[in-house]
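Visitor: Chain residues, written in single-letter form:
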Amino acid sequence: MGGVFPNALHVARREYLIRVRGRAFAITTGLLAIAVLLLVLLPTILTAIGIDKPPRIAIAASEAQLDADPVPLFTTVLTAANDPSGEGASDEAPSVSPVTDTDAARAEVEAGDLDGLLIISRTDDDELAFEYVTKAGPTSQTRILVEQAASSLAIGERLEAAGIPPGERAAIFAPPSFTTVTPDPSDASDSEDFGRNLAIAYILVILTFMAVITYGNWVAQSVAEEKSSRVMELLITAATPRQLLTGKILGTGAAGLTQYAAILLAVVVGFLFSGSVASMLGVEASAVPQLPELNVLGIAALSGFFLGGFILYSTLYAAAGSMVSRLEDVQQAAAPLMFLAMAGYFSSFAALSAPDASWVGIASLVPFFSPYLMPVRMLLADPTQLEIGIALIVLLLTILGAIWVASRIYSAGVLLYGQRLGWRNVLRATRVSR
Amino acid sequence: MSLVVESITKRFGSVVALDDVSFSVEPGRIFGLLGANGAGKTTCMRIVLDILRADSGQVTWQGKLNTKLPRDTWGYLPEERGLYARMKVAEQLRFFASLYGVEPATAEAEITGWLDRFRIPDYRDRKVEELSKGNQQKIQFIAAILHDPDVLIMDEPFTGLDPVNVALLKEAFLAMRDRGKTLIFSTHQMETVEELCESIAIVDRGKVVVAGTLRDVKRRMGRQVVRLATDGDGRGTQWLDELPGIEITRRGEDYVELHVPANREPSTILREALDRGEHVTRFEIADPSLEEIFVEHVGHRSTPDEERHLADEPADAPADEPAAERV
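Protein chains in written order, with the numbering used here: chain P, 176 to 609; chain C, -11 to 315.
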């Protein structure tokens, strides 16, 4: 009877205003925005307060009786890794200092004043032996670099013993030509792009999951609240279930997008101001993260999946909310949806590490998973435009089906009070609803 | 062209909530729907409003099926009161008016008019949760009629109101009727029905047991009530017991009440008394009261459902049809 609009808009408007005016909304949005802003500025701030300071190591080489001082070699290796441009300020450079008192140096490592102490000695057969004292784990970059420098020192000595003059050593150590090639020339994304896209994919998956869970629950709570306060009988007399359902999803979605817009604004502000914050704190600008380049069509498709995922899940959340009489029961009714959303969430983490796997290709077309998996593929693998189109169309059709099913469950559910929760009851009731 | 309910049947699982229910309501009249708790009144109202669909039968208003009528034909005051607790009164009323497509300016004028009429203009910008139950009920009544519906359906509109507010609501009913509106309501207060309604239907266990104008219903009872008082105490009228067809329903110190079958002229009782030399101080012929008619058809008195309201506080108890809706 009649179209969905304008009543859906009246419902959406009320829903949006009630949501956005609430104190909880203002506090959550504010906290999220501040958290995101801090996250963006974190690298700059960390550098400024010195947590990310250059490594300091000591070398005790008196026992080894080396021909040359090892300090310049270690300094070069550590500096090259820490400051590829090679023009770092003097106080930012790694420090390598020769020591003779190993016990004192050990104590300094213990106290955290030194990152490591390298003791160089000789074995019985006159080979170099290294002992590195450090609190850093095996993944510490400094530790890996020290090991590299140590082996080149040892190899250099062996080369000299084999009679190769020092002048030829540079040629021997020069890195070979090494190029990475993908079978498909069109996705010749370099590794820097891949790393950035991986980060974006992570963020997208998390944002999608949060939107589905948080805003889906808002919808379910709001429906259950109208039912338990019995205002529902007035609503259902004034408007059709489809109008109420559509309005509820639009209103809640708009409130959710408002929150996301605030977060996005914080990100942009963070990127825009991280330069000036860096100079204010006296940190070099190269440490500041850069905003990625944006592709309009890709952004549109990604937004489509995000919005589609939100609408699909919140439609079903609305149906779940209409099945319960009390607010406390909402979580229970929505549990199957929660599992579905979590399945998509976790599978997308698996997909992040294997974006080209064939199961990812198939699952990225399945409507309840495509909002997570297709964006991951779009960023990390290379789905064809046909695949993206199919996933979007399937998602859209599923949404239409979900709205139809949900509004039948809704119109039956909203007038059922005091029942044990059960899909069977609701399904039976849908047969007699309008 | 009236509101016609034709042979409506509604089952919830194995329970028959409404069984071949028919009645009609003339436009511009006030109609009373009576029945014990669980008789099927709320289900019947929901079907008329098309928020529930009947298994068979149909409802028409002015010759059109209710499923084809625009939603603003109806105004509904549900039995279970409910509004958005944290919304302000005027804002809330504007929202409901907008759902019925009322222009904002019209809605504003109507809201002001009705708040004044119910003597609560100061509550305009108060949150609903700050209002008393009685005042919330008045707000809900306003929400049901802001869009000027042709038919106003109200489920127990008087329960929970104090006498002053009952009087205000009755005045509002009559004002609506004078604007040509049709009103249907259910209640347990038989005096209110006798005072306001031209026609009634009594529903018992899903069936209409009596329907028609109040006058016809009383006539069709097929008997009259006679109240007789004589000098001397009530025990002096033992001879009444011997009169054929007469049923004594009350024998008090002050008067004796009798049911006289329709085929017997009540004045013969008076003649008999005078012939026996009684000194008659009171002789009264009356129609049976609605309460009596109700008891006769339903088998017990109509009781308000206060106890049930207390019992269903956590809002999980069924509405009007406990057995019926617990499918």
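Some hints could be false.
Short, incomplete list of chain C residues facing chain P, as computed with Cβ under 8 Å [to be verified]:
{"hint": "1", "residue": "Ala73"}
{"hint": "2", "residue": "Phe84"}
{"hint": "3", "residue": "Phe146"}
{"hint": "4", "residue": "Asp150"}
{"hint": "5", "residue": "Pro151"}
{"hint": "6", "residue": "Met178"}
Estimated spans, in silico, between C-beta atoms of each pair [stated by the list, open to error]:
{"hint": "7", "chain 1": "P", "residue 1": "Leu482", "chain 2": "C", "residue 2": "Glu(-6)", "range": "43 to 49 Å"}
{"hint": "8", "chain 1": "C", "residue 1": "Thr201", "chain 2": "P", "residue 2": "Ala429", "range": "28 to 34 Å"}
{"hint": "9", "chain 1": "P", "residue 1": "Leu214", "chain 2": "C", "residue 2": "Pro92", "range": "54 to 60 Å"}
{"hint": "10", "chain 1": "P", "residue 1": "Asp557", "chain 2": "C", "residue 2": "Lys115", "range": "28 to 34 Å"}
These stretches of chain P come out as covered by chain C in the derived footprint (C-beta under 8 Å, 3 or more residues) [as the list claims (entries may be wrong)]:
{"hint": "11", "stretch": "409 to 423"}
{"hint": "12", "stretch": "477 to 490"}
Treat the hints as calculated values from the structure; they're not laboratory data.
A virtual CB, placed ideally from N, CA and C, is assigned to each residue, including glycine.
Visitor: So, as I understand it, the hint says Asp150(C) touches chain P; can you test that by seeing if any CB pair is closer than 8 Å?
Guide: 22 Å, violated
Visitor: Please verify that hint: Pro151(C), Cβ, nearest Cβ of chain P, below 8 Å or not.
Guide: 25 Å, violated
Visitor: Could you tell me whether the CB distance from Thr201(C) to Ala429(P) stays inside 28 to 34 Å?
Guide: 53 Å, violated
Visitor: Next item in the hint list is Met178(C). Is there a CB on chain P closer than 8 Å to its CB?
Guide: 26 Å, violated
Visitor: Does the CB of Phe146(C) sit less than 8 Å away from some CB of chain P?
Guide: 18 Å, violated
Visitor: How does the stretch 477 to 490 of chain P fare against chain C when you require at least three residues with a CB closer than 8 Å, holds or violated?
Guide: violated (count 0)
Visitor: Hold the hint about Phe84(C) up to the distance rule: shortest CB distance to chain P must be less than 8 Å.
Guide: 6 Å, holds
Visitor: Do the beta carbons of Leu214(P) and Pro92(C) sit within 54 to 60 Å of each other?
Guide: The hint (54 to 60 Å, Cβ to Cβ) is violated, given that Leu214(P) and Pro92(C) are roughly 44 Å apart.
Visitor: Are Asp557(P) and Lys115(C) spaced within 28 to 34 Å by their CB atoms?
Guide: 56 Å, violated
Visitor: Verify this for me: three or more residues of the stretch 409 to 423 of chain P with a beta carbon less than 8 Å from a beta carbon of chain C.
Guide: holds (count 7)
Visitor: Is the hint on Ala73(C) kept, meaning its closest Cβ partner in chain P is under 8 Å away?
Guide: 6 Å, holds
Visitor: With 43 to 49 Å as the target window, see if Leu482(P) and Glu(-6)(C) comply at their CB atoms.
Guide: Holds, at about 47 Å.
When held up to the earlier numbered hints, the structure conflicts with 3, 4, 5, 6, 8, 9, 10 and 12 and fits the remainder.
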